[in-house]
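Residue numbers (the numbering used here): 1 to 183.
In case anyone wonders, no lab produced these hints; they're calculated from the structure.
Glycine included, each C-beta is placed from N, C-alpha and C at the ideal position.
There's no promise every hint is true.
[Unchecked claim] Label-pair ranges, simulated between beta-carbon atoms:
| # | residue 1 | residue 2 | range |
| --- | --- | --- | --- |
| 1 | Asp73 | Glu178 | 28 to 36 Å |
| 2 | Ala171 | Leu18 | 45 to 53 Å |
| 3 | Leu176 | Ser14 | 50 to 58 Å |
| 4 | Glu178 | Leu86 | 41 to 49 Å |
| 5 | Ser104 | Ser146 | 27 to 35 Å |
| 6 | Glu155 | Asp17 | 35 to 43 Å |
| 7 | Ala167 | Ala69 | 28 to 36 Å |
| 8 | Asp156 | Gly85 | 13 to 21 Å |
| 9 | Asp144 | Gln105 | 22 to 30 Å |
| 10 | Asp137 | Tyr72 | 27 to 35 Å |
| 11 | Glu139 | Ser59 | 13 to 21 Å |
[To be verified] In silico DSBU-like links for lysine-lysine, alpha-carbon gap of 30 Å or less:
| # | residue 1 | residue 2 |
| --- | --- | --- |
| 12 | Lys159 | Lys125 |
| 13 | Lys125 | Lys99 |
| 14 | Lys175 | Lys125 |
| 15 | Lys175 | Lys159 |
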Amino acid sequence: MQEPTILVVDDEQSLADLYATWVGDEYETRTAYDGRSAIERIDHSVDIVLLDRHMPDLSGDEVLERIRADGYDCWVVMVTAVDPGLDIIEMDIHDYLTKPVSQSQLTRLIESLRVKNRFDGDRRKHEEITNKMETLDDELDFDDLSNTDEYQQLEDQLKDIGDELAAEAEAAEEKLSELYSDE
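Kindly produce the complete structure, drawing on both the sequences and the hints.
See the structure below:
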């Protein structure tokens, strides 16, 4: 099996190089030290992008928009000093880490994404929503958060996807039961 390719994007060159070094033994890594370089360095072989939000030329948010607009279906993780807010709900990201990040945090997250790469659309979306909710729960006051329309929409989406996954599991279980009862 080919090792995954990770694109590390951070305008702090030493930090981008450090992250690449941390994961470089297990994965193929590329680095970009600004948003424009990130756009140039990404292609369909990139599996995971570790993306800083605040960069001088193109922000991480703008890079993310370009990645999605150009049709790249890689996992994107914001790794940034910017505390998350409700704006992450609308971002097409899979996780959000607030700096400083440890080597073990980063490697665990990447390994987790490798396993989740086998997920289909619904399971992948379920994981994305769960990660966003956990990030917001950790960073913001729950009472304030739970009273927002945005957070309520996330909860509703999570419930709908959970119901769909449960129905799929039930249908698969029934099919297995039928197969075994025919023997």
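Now the hints, each set against the structure:
1. Taking 28 to 36 Å as the suggested C-beta distance range, the pair Asp73 and Glu178 conforms, at roughly 35 Å.
2. About 47 Å separates the C-beta atoms of Ala171 and Leu18, a value consistent with the hinted range of 45 to 53 Å.
3. Checking the proposed 50 to 58 Å range against Leu176 and Ser14 shows it holds: the Cβ atoms sit about 53 Å from each other.
4. The given range of 41 to 49 Å is respected by Glu178 and Leu86, whose C-beta atoms sit roughly 46 Å from each other.
5. For the pair Ser104 and Ser146, the supplied restraint of 27 to 35 Å holds, since their beta-carbon distance comes to about 31 Å.
6. A hinted range of 35 to 43 Å for the beta carbons of Glu155 and Asp17 is consistent with their spacing of about 39 Å.
7. Under the hint 28 to 36 Å, the C-beta atoms of Ala167 and Ala69, about 33 Å apart, fit the expected range.
8. Evaluation of the 13 to 21 Å hint for Asp156 and Gly85 yields a pass: the beta carbon distance comes to about 20 Å.
9. At roughly 26 Å, the beta carbons of Asp144 and Gln105 sit within the given window of 22 to 30 Å.
10. The beta-carbon spacing between Asp137 and Tyr72, approximately 29 Å, falls within the hinted interval of 27 to 35 Å.
11. Look at Glu139 against Ser59: about 19 Å separates their beta carbons, and that is inside 13 to 21 Å.
12. Pair hint Lys159 plus Lys125 holds up; C-alpha atoms about 12 Å apart against a cutoff of 30 Å.
13. With a C-alpha separation of about 24 Å, the suggested pairing of Lys125 with Lys99 holds against the 30 Å cut-off.
14. The straight-line distance between the Cα atoms of Lys175 and Lys125 is roughly 25 Å, inside the 30 Å bound, and the hint therefore holds.
15. Between the alpha carbons of Lys175 and Lys159 the distance comes to roughly 24 Å, so the proposed pair stays at or under 30 Å and holds.
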